[in-house]
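Heads up: the protein sequence lines correspond to chains W, G, V and D, in order.
First residue of the first sequence? That's 1 in my numbering, and the numbers climb one at a time after it.
First residue of the second sequence? That's 1 in my numbering, and the numbers climb one at a time after it.
First residue of the third sequence? That's 1 in my numbering, and the numbers climb one at a time after it.
First residue of the fourth sequence? That's 1 in my numbering, and the numbers climb one at a time after it.
Simulated from the structure, these hints should not be mistaken for lab results.
Note that the structure is predicted; figures quoted are calculated from it, not measured.
Check the hints yourself; a few may be wrong.
Unchecked claim - Beta-carbon label-pair distances, calculated as ranges: (1) 68(W) to 179(V): 37 to 45 Å; (2) 99(W) to 179(V): 22 to 30 Å; (3) 4(D) to 3(W): 30 to 38 Å; (4) 168(V) to 43(G): 48 to 56 Å; (5) 220(G) to 28(W): 23 to 31 Å.
As the list claims (entries may be wrong) - If you want the footprint, here are the derived chain D segments under chain V, 3+ residues with CB under 8 Å: (6) 59–71; (7) 91–97; (8) 121–127; (9) 142–156; (10) 194–200.
To be verified - Restricting the straight-line Cα-Cα distance to at most 30 Å, the calculated cross-link-like pairs of lysine-lysine (DSS-like) are: (11) 68(W) to 59(D); (12) 105(V) to 85(V); (13) 224(D) to 12(V).
Every residue gets a Cβ at the ideal spot worked out from N, C-alpha and C, and that includes glycine.
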Amino acid sequence: MAGIWRTAASAVLFVVALTMLVDFAWEDPALQGVATDLNNWAVVIGAFALGLGAYSLIVRHGRIISKKQTMWPYSIVLLLTMFAFIVTGLITGSVTSSEYGWIYSTIIQPLSSTLYGMNAFFIASASYRAFKARSWEALVLLVAAIFIMLKNAPIGYAINPILPAIGGKIWDVAGSTGMRAILIGIGIGTLALGLRVIIGQEKTPLGGAD
Amino acid sequence: MLIAGRYAWTAITLIFSILMLTFLYLSSKRIYVPQIREHPGVRAIVEAIGRAVEMGRPISYSPGIASIYSTKYAADTAAGLTILNYTARETAKTGAKLIVGIAPPTVLPIAEDIVRTAYLMEGRPEDYIEEETVQFYSPNQWGFATSYVGMMHREHVAANFLFGEHAAEAMVIAESGATVGAMQVAGSTNVYQLPFFLVACDYTLIGEDEFAAAAYLSPDPVQKGIIFGQDLTKIICAIMIVIGALLTTAGIDLLSRILSM
Amino acid sequence: MSVIQLLNRNYKQVIYLCLFVAIAIPLMKPMGLPVPIDQTTRDVYNRIDALQPGDVAVMGSNIGAAIYAEVYPQYVAILEHLFRKEGVKVILVDHGTEGPIFAEKALNEIKAYDRKTYGVDFVHLGYIAGGEAAISGLCRDLHELLEVDYAGHSLEDLPMMDDINDANDFTIVLDFTASADSQFWLNQAYAPYGTEVAFGLVAVKVPDAFAYYTAGQIFGIIESLKGAAQYEVLIGRPGIAVKGMDAQSLAHLLYIVLILLCNVVYFHGRGKR
Amino acid sequence: MTGVDMLAVLISTTLILMMYTILYRENPAFRLGEHIMVGSTVGHAVVLAVFQVRDLAWKKVQSGLATGDIGGIAYVIPMILGILLYFQFSRKYRHISRISLALMLGVGIALSIRGLLFVNVIGQIKGACKPLTSIENVVYMVGVVCVLLYFVYERRASKVAGPLPKIGRYLLMLTMGSYFANSIMGRVSIVIGTLNNLLTVPAFYLIPVALLIVIADALTRRRKAAEP
Numbered sequence: 001m002a003g004i005w006r007t008a009a010s011a012v013l014f015v016v017a018l019t020m021l022v023d024f025a026w027e028d029p030a031l032q033g034v035a036t037d038l039n040n041w042a043v044v045i046g047a048f049a050l051g052l053g054a055y056s057l058i059v060r061h062g063r064i065i066s067k068k069q070t071m072w073p074y075s076i077v078l079l080l081t082m083f084a085f086i087v088t089g090l091i092t093g094s095v096t097s098s099e100y101g102w103i104y105s106t107i108i109q110p111l112s113s114t115l116y117g118m119n120a121f122f123i124a125s126a127s128y129r130a131f132k133a134r135s136w137e138a139l140v141l142l143v144a145a146i147f148i149m150l151k152n153a154p155i156g157y158a159i160n161p162i163l164p165a166i167g168g169k170i171w172d173v174a175g176s177t178g179m180r181a182i183l184i185g186i187g188i189g190t191l192a193l194g195l196r197v198i199i200g201q202e203k204t205p206l207g208g209a210d
Numbered sequence: 001m002l003i004a005g006r007y008a009w010t011a012i013t014l015i016f017s018i019l020m021l022t023f024l025y026l027s028s029k030r031i032y033v034p035q036i037r038e039h040p041g042v043r044a045i046v047e048a049i050g051r052a053v054e055m056g057r058p059i060s061y062s063p064g065i066a067s068i069y070s071t072k073y074a075a076d077t078a079a080g081l082t083i084l085n086y087t088a089r090e091t092a093k094t095g096a097k098l099i100v101g102i103a104p105p106t107v108l109p110i111a112e113d114i115v116r117t118a119y120l121m122e123g124r125p126e127d128y129i130e131e132e133t134v135q136f137y138s139p140n141q142w143g144f145a146t147s148y149v150g151m152m153h154r155e156h157v158a159a160n161f162l163f164g165e166h167a168a169e170a171m172v173i174a175e176s177g178a179t180v181g182a183m184q185v186a187g188s189t190n191v192y193q194l195p196f197f198l199v200a201c202d203y204t205l206i207g208e209d210e211f212a213a214a215a216y217l218s219p220d221p222v223q224k225g226i227i228f229g230q231d232l233t234k235i236i237c238a239i240m241i242v243i244g245a246l247l248t249t250a251g252i253d254l255l256s257r258i259l260s261m
Numbered sequence: 001m002s003v004i005q006l007l008n009r010n011y012k013q014v015i016y017l018c019l020f021v022a023i024a025i026p027l028m029k030p031m032g033l034p035v036p037i038d039q040t041t042r043d044v045y046n047r048i049d050a051l052q053p054g055d056v057a058v059m060g061s062n063i064g065a066a067i068y069a070e071v072y073p074q075y076v077a078i079l080e081h082l083f084r085k086e087g088v089k090v091i092l093v094d095h096g097t098e099g100p101i102f103a104e105k106a107l108n109e110i111k112a113y114d115r116k117t118y119g120v121d122f123v124h125l126g127y128i129a130g131g132e133a134a135i136s137g138l139c140r141d142l143h144e145l146l147e148v149d150y151a152g153h154s155l156e157d158l159p160m161m162d163d164i165n166d167a168n169d170f171t172i173v174l175d176f177t178a179s180a181d182s183q184f185w186l187n188q189a190y191a192p193y194g195t196e197v198a199f200g201l202v203a204v205k206v207p208d209a210f211a212y213y214t215a216g217q218i219f220g221i222i223e224s225l226k227g228a229a230q231y232e233v234l235i236g237r238p239g240i241a242v243k244g245m246d247a248q249s250l251a252h253l254l255y256i257v258l259i260l261l262c263n264v265v266y267f268h269g270r271g272k273r
Numbered sequence: 001m002t003g004v005d006m007l008a009v010l011i012s013t014t015l016i017l018m019m020y021t022i023l024y025r026e027n028p029a030f031r032l033g034e035h036i037m038v039g040s041t042v043g044h045a046v047v048l049a050v051f052q053v054r055d056l057a058w059k060k061v062q063s064g065l066a067t068g069d070i071g072g073i074a075y076v077i078p079m080i081l082g083i084l085l086y087f088q089f090s091r092k093y094r095h096i097s098r099i100s101l102a103l104m105l106g107v108g109i110a111l112s113i114r115g116l117l118f119v120n121v122i123g124q125i126k127g128a129c130k131p132l133t134s135i136e137n138v139v140y141m142v143g144v145v146c147v148l149l150y151f152v153y154e155r156r157a158s159k160v161a162g163p164l165p166k167i168g169r170y171l172l173m174l175t176m177g178s179y180f181a182n183s184i185m186g187r188v189s190i191v192i193g194t195l196n197n198l199l200t201v202p203a204f205y206l207i208p209v210a211l212l213i214v215i216a217d218a219l220t221r222r223r224k225a226a227e228p
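Chain W extracted, bound-state conformation:
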């Protein structure tokens, strides 16, 4: 039984991807209509997928609480916060209602911004201990980084305008050589991985080999 579903899924993946690719090159109103529908259907499934995170958290933390595993009180707090947000959002009817806006800016905003900015501190302590010019490559990187930092912060311009000018020159060379090749590499890499998934050679994204 599972085998039929798996082949059906691979067939759906192949047909859908091919339709959307041909639609980009071939002018055909019927094809364009099908491609638009497939596109908008994917948006709807994407909306459902937003809830997957909640489902897996409820299952995992529910098990932690029921089995009293380590840190189970934290799991209770996690689930309570989640339901508080769900209930507030659904009752007020929109994400931009004043009540929802209040709990959002009081809880999500301070936590996310603090955690996301935390790396600034870890990079600072690493700058003192770990960022050594062990090789010529690391030396080139550090020198380039320092000049670009002096371009990024107004203090560089205040000390001597030559510093940000050098930083700007390094930035131009970096942008037009390394970056351009990396973008081409990403384009080629995406095509390679995409083709392997479409023909079914790469199974991991579709839920692994089991």
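Given the coordinates of chain W, assemble chains G, V and D onto it according to the supplied hints.
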């Protein structure tokens, strides 16, 4: 009929796809298995293991914090596990002590299986200690980093490998590795994490280097075919750029007109 | 335990304190260093300044709490500039789950509802799931994908939306994001329809975007808090971004000093061995 | 400042200070903050999921039924596929979720291939074809070719390429330098945003409270460690 402005896109996508699929097929049927060059990153791994054996201190390894099924980083984690396979075989051969730190629950069984079979194949199954050689820390980024750093200091590791997908916590790990005096080799496709690895570690594999090293180390011929298919398309792009630049210097913008068709 | 030993053992906490101080002091007592204007910011300003009545400006957003500090000041500054342009229609659309909250916050901050009429001069379409498929759906056939705006008003009741059907009707697209989402507008608006696109980005995304800028695929970039400060100066409305730049300068000096110290100690040690 | 605003400042400042305790050491306060964050962000996603399904699908099905428009009614199909997605959590029925994943992946892969080949490959090649009239343009052209050759791994091809890949790796160091510098500028900007809220008046008073707690904890831990 074909939409104007997209002829070039169609031609390039078709040519590149045919090239990639052909060499994928040829390598999978072992008709032509391309030779991948020995990457300096691989030489750095061998050197780091040798150093750890000499100093009689353990080796720590992390295959990344991304789950095996995360669509964005599945390829990274797979490469991290392929390199783990090679590292485990080398440590078994040389008798060095290996400690593998795991964050994602889905990767734990796979990593345990890889290391257990590697020790078995090198004839030293007794060196693999359950729950010891491969240790699960926490699915949470910071919980994992704290436990991994604690292990590095306790065991006073001589070599540390960071492959697969790492994020902000990698800074804390790489710094601790430097303070412990371990030789560190890292690899990542996350371009925002790479600069810090490059200055904090002894050698760093940049982006696709990780996949090339995995293909070089892995017995599976298909990985080599995939790499070679992409090599050819990159060479074509390089040739187009050279021709395009020379033509525009001569005042003929033929290539960019073709590419805009 | 002498103080030096204590400092050396807890060097991390000492460095964290230095960074905290380096940022806190200028925030409380700004130094007022001049903010040089980058060409990438000026290009966005000039393009918006050249907008004619009847042009449509789409503001895409993936702003979330994490990148709020870097990108939200840009979003407000550009929204303010667009609202000063007579007859220019503005569409706000979010491809990040937290986008709608910041869109409404920005609209209220510049008092949009009092200055212009909703549905005639500006519309907020809200969040659309599906990542690149959302942007592609919007650009292919807007009315096929969406029937209501963020607050539930039907699009039929919004007169401005009648002659806006796909990306051909977008004069310019400005996308404010941290992740790869900015690529979606290049792939689904610029590539198929040639729509003019510019980005407001977090600093770490700017190197990628710069390669698109030099290739002429995007017409400008607003670079993190620095770009926001420059835009605030250009529209004569200095705000949080300009104040932040002094803190940025001191913090950058601290990082450079730490890196130099690290390498001086390293080479001194290597010299001795 | 009303009572509600004061409460908001009190809660948000406490949460900010709880997260900053990781700079001292991993501890219960930080863990609590993390769990609240995970719960709240996922709760937010569920709220949006419900509204999205209502606006993007359910309303179309309703209007389709009312007017008899097949296109509208057809939106029942993605809704069913969306529900089937949740079978990926059951060990036995995981395969049922595959078709929904396949449709989403198929559209996703096709869209990224369409865009990236056009923008990243063709667009960037056109961008690199500049006339070799200035030194910069020559450096840019040779540089791109060198970095591209760095990412070529076949043995014979890289032997033919000679020293070019090595130059490519050094040029990559300049690009990594720009990421290094911009990463720092980005993270510092975020800390500026957070401290800007923390250093305003009502929030400011909580900082000494947090410092006292941390110092007290450090002293007790040192005394406990000192005991034999």
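Evaluated hints:
1. 68(W) to 179(V): 37 to 45 Å: Given about 38 Å between the Cβ atoms, the range holds.
2. 99(W) to 179(V): 22 to 30 Å: 29 Å, holds
3. 4(D) to 3(W): 30 to 38 Å: 58 Å, violated
4. 168(V) to 43(G): 48 to 56 Å: With Cβ atoms ~54 Å apart, the hint holds.
5. 220(G) to 28(W): 23 to 31 Å: For residue 220(G) and residue 28(W) the Cβ distance comes to about 40 Å; the hint is violated.
6. 59–71: holds (count 3)
7. 91–97: violated (count 0)
8. 121–127: Three-residue rule met by the stretch 121–127 of chain D, so holds; n is 4.
9. 142–156: violated (count 0)
10. 194–200: holds (count 4)
11. 68(W) to 59(D): 43 Å, violated
12. 105(V) to 85(V): 20 Å, holds
13. 224(D) to 12(V): Given that 30 Å is the threshold and the Cα spacing comes to 22 Å, the pair holds.
In this structure, the earlier hints numbered 3, 5, 7, 9, 11 are contradicted, and the remaining ones agree with it.
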